[in-house]
Structures are given as structure tokens and as C-alpha cells.
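Take the sequence shown: its letter number 177 is residue 176 in numbering that gives the first Met the number 0, and every next letter is one higher.
Careful, some of the hints might be misleading.
[Stated by the list, open to error] FRET-style restraints, in silico, Cβ to Cβ:
1) P145 to P192: 51 to 57 Å
2) G48 to N83: 27 to 33 Å
3) S89 to Y116: 40 to 46 Å
4) P73 to G273: 27 to 33 Å
5) V227 to R135: 48 to 54 Å
6) D13 to A94: 27 to 33 Å
7) A240 to H29: 22 to 28 Å
8) R270 to P47: 34 to 40 Å
9) E190 to D169: 45 to 51 Å
10) S331 to M0: 53 to 59 Å
11) T213 to A306: 27 to 33 Å
12) P192 to P47: 32 to 38 Å
13) D271 to H29: 43 to 49 Å
14) R270 to Q85: 47 to 53 Å
Simulated from the structure, these hints should not be mistaken for laboratory data.
For each residue, glycine too, the CB sits at the ideal point set by N, CA and C.
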Amino acid sequence: MRVELSGIRNWRHDLGHCLHTTMGVLLQHHGHDPLQILGAAWGFFHHPGDIRREEYYFPLHREGLLESMAPHHPVHSRWHWPQNAQDGWSEVRSAVLDGAPVAVAADNFHLPFRPAYRDVHTNHLLTVWGFDDDRRLALIADPVPPRFQGAIPIEQLTDARDSANPVLHDRDLFFTDNPVANRWLEVSIGEVPPHDRDFVRHVIDRNLHGFGATGSGPELVGLAGQRVFLDDLADRLAAGAEPVVDETFIATGALLAMTGVHGDYLTAAARDFGAPELLEAARSVDRVAHHWSALRIAVAMARGDTAAAEPSVRLRSKQLLADQERALDRLSSAARAL
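The whole structure should be built from the sequences, with the hints applied where relevant.
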């Protein structure tokens with residue numbers, strides 16, 4: 000038997016990563032514009048010490064992964080954890096046979112189309128959208144460069160999904176030491192509200208409210224939580240706390256992606272509705288995204304001498320917060336003008 004689902008197209012944002020690209024592929028299959036769903040939310044939420052070593056890390060502040068990424072939309076996701084590799088493929092095959100492409104975790108070390116093939120272990124995410132039983136092939140979509148949409152042997156996919164994802168040498172960084180465990184993600188989508196002025200205004204208002212929130216426990220939320228996060232980052236770098244490098248690289252990757260995609264969401268909305276104030280706000284959000292990118296690189300380069308990075312990180316954090324406050328002010332004005 001051979002099954003190939005329709006409506007599978009690559010989607011990617013330059014500042015996103017495999018989580019956003021994979022969710023984009025799935026959302027397009029369901030007939031939705033990924034930017035309108037994945038780009039709506041912007042906020043800050045962080046669980047200190049709860050950093051999952053996977054490329055598709057996102058801080059969970061709702062029931063599931065996609066719900067946390069897209070809290071303004073009726074979406075739902077659920078991880079499945081099969082007992083073994085055989086069950087892992089059987090479950091994914093059944094879901095595709097029923098008409099649903101699924102996201103699967105995989106180790107790039109075992110994927111022949113990834114640059115890390117047979118070189119670097121890393122916990123990645125991609126889409127399975129078909130199979131050929133007779134030829135023992137799985138159909139894969141992975142928009143992350145160099146971009147791949149096609150067939151690979153089921154055995155290779157199984158090796159990637161069943162990988163222990165070990166740390167073997169000094170190139171296995173950030174997303175290793177976390178078994179892939181054959182996990183796969185089921186996604187469902189309810190009735191999506193129309194993308195109009197009222198909904199965009201509602202989205203901005205909710206995001207602004209979120210930035211004004213304060214946490215009641217160890218979780219860091221809103222702009223106040225972001226200040227604590229950045230201050231703690233600089234303090235830990237100065238103290239030589241080596242784990243801060245991997246933790247920050249993973250956590251800020253999610254923040255960078257969310258901010259960058261939101262900037263493009265605002266840009267698209269500004270053009271859709273002829274809203275110049277919104278376009279100015281989008282540019283301000285883009286500026287914040289690039290602060291996160293620079294901060295992430297600075298911390299990643301600090302391995303082995305974290306204290307040396309502390310002054311530049313503290314300065315970048317100050318600039319980031321100042322530009323973020325300006326972006327929030329401009330968003331507030333743009334929402335009133337919509």
C-alpha cells in the first residue's frame with residue numbers, strides 16, 4: 000500500500016526553527032495560513048530549570064505544545080510515547096492512513112538529508128505525510144535548510160526516532176542527551192476565527208495584558224519576569240555557571256522565534272488593513288527579535304569562559320528591555336488606531 004496525503008507544502012520563517020516549520024506544514028495541510036496562527040502570540044513565559052534539550056523546545060504555559068504557541072486560536076496537540084520502535088512506526092502509519100500528517104521527533108544523526116548526518120546528534124522535529132509499504136519508504140517534509148520533501152527508508156527514520164541521542168563528542172551541543180523515544184505529536188484544529196481588524200486588535204490587547212502580568216510562583220511571566228530572567232542570566236554568567244550556556248541558548252531560541260514570527264504577523268496585518276501605525280509597531284518588534292538573536296549568539300560563544308560574556312550580555316539585555324518597552328507602547332497606540 001502507498002499513501003500520499005495532499006496539501007503538504009514547505010513553510011518556514013527565517014527566525015523560526017523546526018517547531019515552527021513543522022507546525023506550519025501541518026497548519027497548511029488543514030487549510031490555514033501558518034503566519035496568522037503561529038504569529039499571533041507574543042509574550043514571555045519561562046520555567047527556571049525546566050529546559051528540555053530539544054530543537055522544538057517551547058515553554059509550556061498551557062496544556063500542550065501547540066496550545067502554548069498559539070493561545071489565541073482553538074488548537075490542540077498531544078504527544079504520544081510508543082512503547083518501542085515497532086509501535087512507533089505502526090502508530091504514525093495508522094495516523095497517516097487515517098488522513099492526518101503527524102510531527103515526529105528524530106535525531107538528525109540518522110537522517111540522510113540533514114547536514115548533521117553521521118556527524119552530530121540533535122533532537123529535531125519534522126512531518127511524516129505518507130508511506131510506501133512495498134518499498135519500505137516514509138514520506139518526509141522538513142523545511143529547515145537545506146529543505147527536504149521526499150522519501151527515505153523506513154529503517155532510517157526508525158533509527159532516527161529510536162535514537163538515544165547521546166553526547167559522543169564536543170560537537171553534540173544543546174539538543175543532545177535527551178532520548179528521542181519514538182515520540183510523535185497529534186494536532187487538531189477547531190474553528191479558526193476570521194483574520195480581521197477586530198481579531199488583530201483582540202490579539203494585541205491580550206498580548207499587552209500578558210506582558211503586564213506577574214507570576215505567582217517560580218514561573219517568570221510578562222515583562223517583569225523577563226527582567227528577572229535577564230538579570231539572572233548576567234549574574235550566572237559572572238559566577239561561571241556553565242549550565243547557563245545551554246539553558247539560555249535553548250530558552251532564547253523559543254523567544255527569538257516567537258518574536259520574529261510575531262513581527263511578520265504584524266507587518267502582514269498592517270498591509271492587509273492599511274494600518275501604518277501597526278507597521279511601525281512591527282518594525283519595533285523586529286528590533287527586539289534581533290536583540291534576542293544577538294544575545295543568544297553571545298551566550299553560545301561563552302562556553303568555557305562565561306564571565307567574559309557578562310558585560311556585553313548585561314548591556315544587550317538593557318538595550319533589549321528598552322526597545323521592548325518602546326515596542327509595547329507602539330503596539331498599544333496601534334491597537335487603538337485599528
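* State the violated hints by number, sorted upward, taking the hints as numbered earlier in the document. => Violated hints (numbers, rising): 1, 3, 7 and 13; every other hint is consistent with the structure.
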